[in-house]
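K.L.:
Chain by chain, the residues:
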Amino acid sequence: MTKGYLCLVLHAHLPYVRHPETKAALEERWLYEALTETYIPLIRVLNGLLRDNIDFDLTISLSPTLMEMLKDPLLIERYLAHLHKSLVLADRELDRTAGDPHFHYLARVYQEHLKGIYHTFHVTYRDNLLQAFRRLMASGRVELITCSATHGYLPLIGIRSEAVEAQVALAVETFHTHIGRPLQGMWLPECGYYHGLERVLAKYGINYFFTDTHGLLFGEPRPRYGIYAPIRCPGTQVAVFGRDVESSLQVWSADEGYPGDPDYREFYRDIGYDLEWDYIKDFVHPDGFRVDTGFKYYRITGRRTNHKEPYQPDWARSKAAIHAGNFMFNREKQIEFLAAHMDRPPIVVAPYDAELFGHWWFEGPMWLDFLFRKIHFDQDTFKTITPSQYLKKYPRIQPSTPCPSSWGAEGYNDVWLEGSNDWIYRHLHQASKDLAMLARNNPNAGGVLREALNQAAREVLLAESSDWAFIMKTGTMVEYACRRTVNHLGRFRHLYTSIAKGNIHPAYLKDVQEKDNIFPDLDYRIYAK
Amino acid sequence: MSPLVLLALAVIALVMLFGYVAYRVRTQPAARKPQLHHPPGGLEPPYHLPESYGENHIVAMAKNPEWLYAYWEVTPTRQEEYSRANGPGSWEVSRPLLRVYDVTGREVVDNHALITDIPINDFAKSWYIHVGKPRGVFYIDLGRMKPDGTFITLCRSNKVQTPAREVSSVIDPEWPPIDAVWGTFRLGTAGPHGFKPGDSPSSPGPGVSSASLFNRKE
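Protein sequence lines, in the order shown, are assigned to chains W and V.
To convert, note that position 186 of the first sequence is 186 in the numbering used here; the numbers rise steadily by one, no gaps.
To convert, note that position 164 of the second sequence is 164 in the numbering used here; the numbers rise steadily by one, no gaps.
It is worth saying that the hints were derived from the structure and are not from the lab.
We put the CB at the ideal spot given by N, CA and C, even for glycine.
Errors might be hidden in some of the hints.
[Unchecked claim] Below, a sample of chain V positions facing chain W; criterion: calculated Cβ distance under 7 Å:
no.: 1; residue: Ser-168
no.: 2; residue: Val-181
no.: 3; residue: Pro-197
[To be verified] Taking lysine to aspartate or glutamate pairs in the EDC-like style, the calculated list, with each CA pair at most 20 Å apart, reads:
no.: 4; chain 1: V; residue 1: Lys-196; chain 2: W; residue 2: Asp-414
no.: 5; chain 1: V; residue 1: Lys-159; chain 2: V; residue 2: Asp-110
no.: 6; chain 1: V; residue 1: Lys-133; chain 2: W; residue 2: Asp-414
no.: 7; chain 1: V; residue 1: Lys-133; chain 2: W; residue 2: Glu-220
Could you put the whole structure together from the sequences, leaning on the hints where they help?
P.N.:
Dropping the structure here:
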């Protein structure tokens, strides 16, 4: 008998990293790596579950910036070139390892993996992964949602209400363009919630969002079921689901988490760094520095050792199955306990960054595959569910206001508001304010003026990506994050001044339109609402 | 072997060593740092963000349950107005001050608001303010303290609220909390099993998220 539900959520996001001005932007590799290691393997796993008639439900959030990149011709062309190069490297690796049966076997595993990825991307979906996601949604097993337009961190840009409204309105439109269905729920970037956000979400027909655990636990009035049932924001019909602590820790804790198992693949041993320069130089960065190639031949072996043993795919596979079984067992016990004390079936919400599955945790997609199959065949204590399905079954929800919170370190705004990144907000807020004024002053712009206003809006939105503040805080690639912030704001100010003076330079406009070509259907008037 | 031959051999050995080192340095660029900066190029000028926007305002934001952050801007015109209203040299003899009004439960600045004054300096454009009060509601005035102790407001911030740090004591009688469920959170318990905000990581990094693709430990 079904006593409760598990709601798995994967949030897939990358900032808009398209650099037509250079042939080999390092940051575009974030997309290529995520495609090869995460998005395509996930699609293959989910297609396998559908083929085998496994009863599963999964919620996937695709950020608007990611959706826009997945249909960009330049990035697709570059990704295909990247894949071709990886396949050439796979051939060379077979030759290089010919004298060593184990490494030769691993090279063969990578070659097969890459061939499969290429086939799925190029042959099955004809370079259009959005088609794959649409099919998954059409199966009724996967609920697709999205986040704010450029992953703007809403609690901090929310000082300007027009900025939040534009982020939400454009997210809803972009989702409809790419997925072809109305958006039901929204992933708040970094789970960042502030009081009043629900009113904007309600205005755009969004039924639910997620917060971190304390978003619900510290809600007012105190939620009857803690995090094991959603709450409803008073004055709206918007439901809020809270992240479960236990299932999060099991997957990601540095001490207790599965991905650190000695049998799993070691992320930090890549032939891009390990092999002789002359051999590898054509497969790393053309400017002459080493990067990951994806060919990683060692297993974690031990947490505090630099000595690494060769990767054994069979051991890793068994371990993924064991860990899936362990995760399922723990959810069974958790749900049995909760169901015994609750007057409705509990829902355990387990959201994760999608890119951690496959990219960091190579066996992550395999673990998900095992997990869904085991849940289907090996137990009947709980079922998987999506938030929309849950809300349909259990429409009576306690009204309570969530606590402003995020899932970043410390649980609030600390990560995105500190010494390294606080300087951005005065410029971001001013840009939203100035853009809103331009939009209100030009309600029916046409021609070049309209184009310039739309581009000005694109620049403000791109500057607002939470990724820049996050990178500034973490301390790697800081210059890139600062440059992106300054360039987008700089382009906005340049356009703002030329619009205000009435002398828009068409060549300049064309230049920045080609560079920042995101959201082609964007209408600047979303800033005038 | 004559010393001349020895010297010649030593020179040859040194030249070969130098050549080898130079070759390794040239062909082993692993230590070379990636060039991450993409100058805009094309028809674009190098961009610099403005120092000021000609606004008179102070903007307040909550960092966490204990701390606020505020940034501000005061135009030269506003400064001149102040000097005109308060007499020549009055700006220079006054001191800049942030006045924080705690209006928790009332929401408006009135005579009952608790006031904390924070002396700042004329070069500061932003400040982190310790309020130490979760679920608090605040306004911040940026102003000048005159030598006679009078406070003149230059601008007032937006209303800002600090988030909660603890479970609410407000209970909806229709929805009384279930003790057994709440027991699972071990709230207020020290150690690895007690729940604390920000404790359960969203990624393998130290409580950070979306980090994986940006960060590669060197």
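K.L.:
A separate judgement is required for each hint: does it hold in the structure or not?
P.N.:
These are the hints, each one checked on the structure:
Interface restraint check: Ser-168 (chain V) against chain W, minimum CB-CB distance 4 Å, threshold 7 Å, status holds. About 5 Å separates the beta-carbon of Val-181 (chain V) from the nearest beta-carbon of chain W, less than 7 Å, and the hint is met. For Pro-197 (chain V), the interface hint holds, since its Cβ comes within 7 Å of a Cβ in chain W; the closest pair sits about 3 Å apart. The straight-line distance between the Cα atoms of Lys-196 (chain V) and Asp-414 (chain W) is roughly 15 Å, inside the 20 Å bound, and the hint therefore holds.
At roughly 14 Å between alpha-carbon atoms, Lys-159 (chain V) and Asp-110 (chain V) fall within 20 Å of each other, so this suggested pair holds. The straight-line distance between the Cα atoms of Lys-133 (chain V) and Asp-414 (chain W) is roughly 16 Å, inside the 20 Å bound, and the hint therefore holds. For the proposed pair Lys-133 (chain V) and Glu-220 (chain W), the alpha carbon gap of about 17 Å is at most 20 Å, so the pair holds.
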